[in-house]
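K.L.:
Listed below, chain by chain, are the residues.
Number of protein chains: 2
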Amino acid sequence: MKHIDVKEIISSKEFIGQEITICGWVRTSRNSKSVAFVEVNDGTSLKNVQVVVEKGESDYKEPRVGMALKVTGTVVEGRNNTVEINAVPEGITVLGDAPTDYPLQKKGHTLEFLRTIPHLRGRTNTFNAVWRVRSVLAAAIHEYFQTHNYVYVNTPLITGSDCEGAGEMFQVTTIGYSNDYKNEEDYYTNDFFGRKAGLSVSGQLEGEMAATAMGKIYTFGPSFRAENSNTPKHLAEFWHVEPEVAFAELNDVIEIAEDMLKHVIRTLLDKCPDEVAFFDAHFEKGLRARLEELISHDFGRVTYTEAIELLKNSGENFVYPVEWGCDLQTEHERYLSEKVFKKAVFVTDYPKEIKSFYMKQNPDGKTVAAVDLLVPGVGEIIGGSEREADYDKLIAAMNERNMNLDLYSDYLDLRKFGTVPHGGFGLGFERLIMYTTGMANIRDVILFPRTVGSIR
Amino acid sequence: MKHIDVKEIISSKEFIGQEITICGWVRTSRNSKSVAFVEVNDGTSLKNVQVVVEKGESDYKEPRVGMALKVTGTVVEGRNNTVEINAVPEGITVLGDAPTDYPLQKKGHTLEFLRTIPHLRGRTNTFNAVWRVRSVLAAAIHEYFQTHNYVYVNTPLITGSDCEGAGEMFQVTTIGYSNDYKNEEDYYTNDFFGRKAGLSVSGQLEGEMAATAMGKIYTFGPSFRAENSNTPKHLAEFWHVEPEVAFAELNDVIEIAEDMLKHVIRTLLDKCPDEVAFFDAHFEKGLRARLEELISHDFGRVTYTEAIELLKNSGENFVYPVEWGCDLQTEHERYLSEKVFKKAVFVTDYPKEIKSFYMKQNPDGKTVAAVDLLVPGVGEIIGGSEREADYDKLIAAMNERNMNLDLYSDYLDLRKFGTVPHGGFGLGFERLIMYTTGMANIRDVILFPRTVGSIR
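Each protein sequence line maps, in turn, to chains V and Y. Be aware that the first sequence starts at 43, since it is given in our numbering, and climbs by one per residue. Be aware that the second sequence starts at 43, since it is given in our numbering, and climbs by one per residue.
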């Protein structure tokens, strides 16, 4: 079907005076004596295009909201520097009907209601904007890494090991419910992979294997967490960006994270001004100013030990008490970025007891070369570290945690064969979308959210 | 660690005369009386950079293959229009040792052997080239769709339904082996999602939901098939590109597939000349010419019915006999593209019995608006269709296949609310990499292949 995207029509003046064809769905329709106005949207743009129908002597039947139309008409200049399409009834073809009980009439709907129709909610302004921002952010992430000599790798989703030695994993099986096996070993030996298999919670360990071959790599794919937590910030299936860089120390990891995040947000502001304005107006006042502020300053830096002192001396009444050794809670993270630094801030060098086995052990014997990036309004958005490159120190850390070294022999090989300083970080993609749109529930930034008990 | 990527050093003359620092792993080392030559590679480039060590009076210890070095020296012009680095022993720091039994000594290794060390094989020329081609192809796919107003969407991987109503699916569970449940219903009711769940074999159905909101979308993510087939062409976990376009008929789908594939291959030839030359020399003679040929012609078109006549009149002795109604086998597909058309060819309008329920039914009552793209040397690389947009016809096709309509109510809604002509196709990403590199086994184009019984 030869036609032109609505986005192309409304974003330039080049079509003015031309007869063109568009397709799209009716968003609103108004009818008067001699003229009718139909707002049509084909999904390629947040903004509709207005079709002005000169009814003349024809038999004009007003289209219902949700109907799909094909319209051939002439592009003309509209009011307020817009373009619109002049058509006659004969130039309008109904491609698909919509009943009067079409769920998306022009009145506003709550996000809760729209969550009950995930297959249709993309037809609203809100989700049109969210899905486009998601896509533009993803493309900006690829662009950043590709132009900096990173290789995009796809680490495995089905895995035999568990990255963090913790966290609830999903199992993957072709057996499922069965009473045909005499014991657990018999069951898994007969399963598809001949052993117990699960869904990956992180591609980091395989990312390290790739980085110590290709130098600089990034992953961008799904990760899975079978956490039984029903919160606005957790999904059982989410998308994960995990760069990993050879010949990089903690400071390099921090520089990359800051540079990447600024590039991505700058790209969003450039490419999605309408969408950012929409979220600013309807979801978070001041969003655009906040994002512009973020990219216009160097991010702050503070060690965990300094941060603990700042929090203890703050005079604030935190719900969770602060002592050296404790994990930072969202209230602490937000206080640091919003009240103390008033900008994005990297917190580094956490106590080794609250961080993972693979993080580089600092000379003080107490902390590891970890980093979290805290941003105003959200808290942690990125977590990373330099990795322990020393074979003996890594083994010691794994033994302290009673890990099964046999499962990690490939990973340990990296420390035997030309080991190098290296590091990386993880970015939860949906968290970034929430941060850049002001959407408060993670279920509203992914097409079909998967959470405990919910798989529509 | 401040240093410059080897790729940057060797791909321009701008560093000549400058003192710079590189990092990398030793690929080869030669030692003579006063000078030593060390080939160093940091993974960012297929080509190494040569470090020329002026030994002088110093105590020079020859580095072993696989060791990681940091080298500070002066960039100079080498022979044959190359650049190399002049250094003295004091400018060389060993970052990481490698033992004499490091598995990748400089002699060549078989692909079979390298499959036993997937965590290290990226350090060979072959896999350095494959992983870079994979990354460049992925970026070119994103670039194509992003610049044509498509929205990148992430369809769910964990799913409650099965796209094709066929194909072996993996189950996803947090229970796995257990004798604690009295029956199947009890087991799945108590599972994480409260019902039986599996890994998606295709994002198409959700892609249609997104396309009828955003107009033009594409997915690029993993799909899973629990097929018990150990072949060089099948993976249990593979990456899948699935564009879906509203207001598109079969002919539009064909045009998009041809345009996208040509863009992607043109980008590869532009960005990876060294890698393509490497595969041409070592894996498939004439590879570059074949790819250039492909993008320089319009792809052919033939209907299935015409193709059957061509095959029947070919005089060839096919292993699988040809009759109208049969599925085309690889031998038939290759004959059509290699002998008859001598180029890529779209075969359209297949018998409805051998295709899926969602394909648009043609007026002849016998065929559907399906399309497969066949390419010389491989056979089918893309499969797609216009989708059935008519509610009643779709219901009839599903009833013919005894499908449970209740599981598809969201999908059927698309035909009730502003239904439009639409279509799309699927591209198996690993098949594309095999086609563009000449690698013959799909296990050699993905980092950690998952196949039946194998999950290292």
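Certain hints may be false.
Copies of the same chain look alike in the list, so a pair counts if it works inside one copy or between any two.
Stated by the list, open to error - The calculated EDC-like cross-link candidates involving lysine to aspartate or glutamate, where the alpha carbons are at most 16 angstroms apart (straight line), are:
| id | residue 1 | residue 2 |
| --- | --- | --- |
| 1 | Lys313 | Glu185 |
| 2 | Lys224 | Glu50 |
| 3 | Lys112 | Glu291 |
| 4 | Lys458 | Glu348 |
| 5 | Lys458 | Asp139 |
| 6 | Lys44 | Glu297 |
| 7 | Lys458 | Asp434 |
| 8 | Lys238 | Glu96 |
| 9 | Lys44 | Asp294 |
| 10 | Lys75 | Glu373 |
| 11 | Lys381 | Asp316 |
| 12 | Lys49 | Glu297 |
| 13 | Lys75 | Asp101 |
| 14 | Lys458 | Asp143 |
| 15 | Lys97 | Glu185 |
| 16 | Lys112 | Glu81 |
| 17 | Lys75 | Asp47 |
| 18 | Lys75 | Glu297 |
| 19 | Lys238 | Glu210 |
These aren't lab readings, by the way, just hints derived from the structure by calculation.
K.L.:
Each hint: holds or not?
P.N.:
Tested hints:
no. : hint              : verdict
1   : Lys313 <-> Glu185 : both (14 angstroms within a copy, 15 angstroms between copies)
2   : Lys224 <-> Glu50  : neither (64 angstroms within a copy, 60 angstroms between copies)
3   : Lys112 <-> Glu291 : between (57 angstroms within a copy, 14 angstroms between copies)
4   : Lys458 <-> Glu348 : neither (35 angstroms within a copy, 60 angstroms between copies)
5   : Lys458 <-> Asp139 : between (66 angstroms within a copy, 7 angstroms between copies)
6   : Lys44 <-> Glu297  : between (47 angstroms within a copy, 11 angstroms between copies)
7   : Lys458 <-> Asp434 : within (10 angstroms within a copy, 64 angstroms between copies)
8   : Lys238 <-> Glu96  : neither (68 angstroms within a copy, 55 angstroms between copies)
9   : Lys44 <-> Asp294  : between (50 angstroms within a copy, 8 angstroms between copies)
10  : Lys75 <-> Glu373  : neither (59 angstroms within a copy, 65 angstroms between copies)
11  : Lys381 <-> Asp316 : neither (30 angstroms within a copy, 53 angstroms between copies)
12  : Lys49 <-> Glu297  : neither (36 angstroms within a copy, 21 angstroms between copies)
13  : Lys75 <-> Asp101  : within (12 angstroms within a copy, 97 angstroms between copies)
14  : Lys458 <-> Asp143 : between (66 angstroms within a copy, 11 angstroms between copies)
15  : Lys97 <-> Glu185  : neither (48 angstroms within a copy, 43 angstroms between copies)
16  : Lys112 <-> Glu81  : within (13 angstroms within a copy, 63 angstroms between copies)
17  : Lys75 <-> Asp47   : neither (30 angstroms within a copy, 69 angstroms between copies)
18  : Lys75 <-> Glu297  : neither (63 angstroms within a copy, 43 angstroms between copies)
19  : Lys238 <-> Glu210 : within (14 angstroms within a copy, 18 angstroms between copies)
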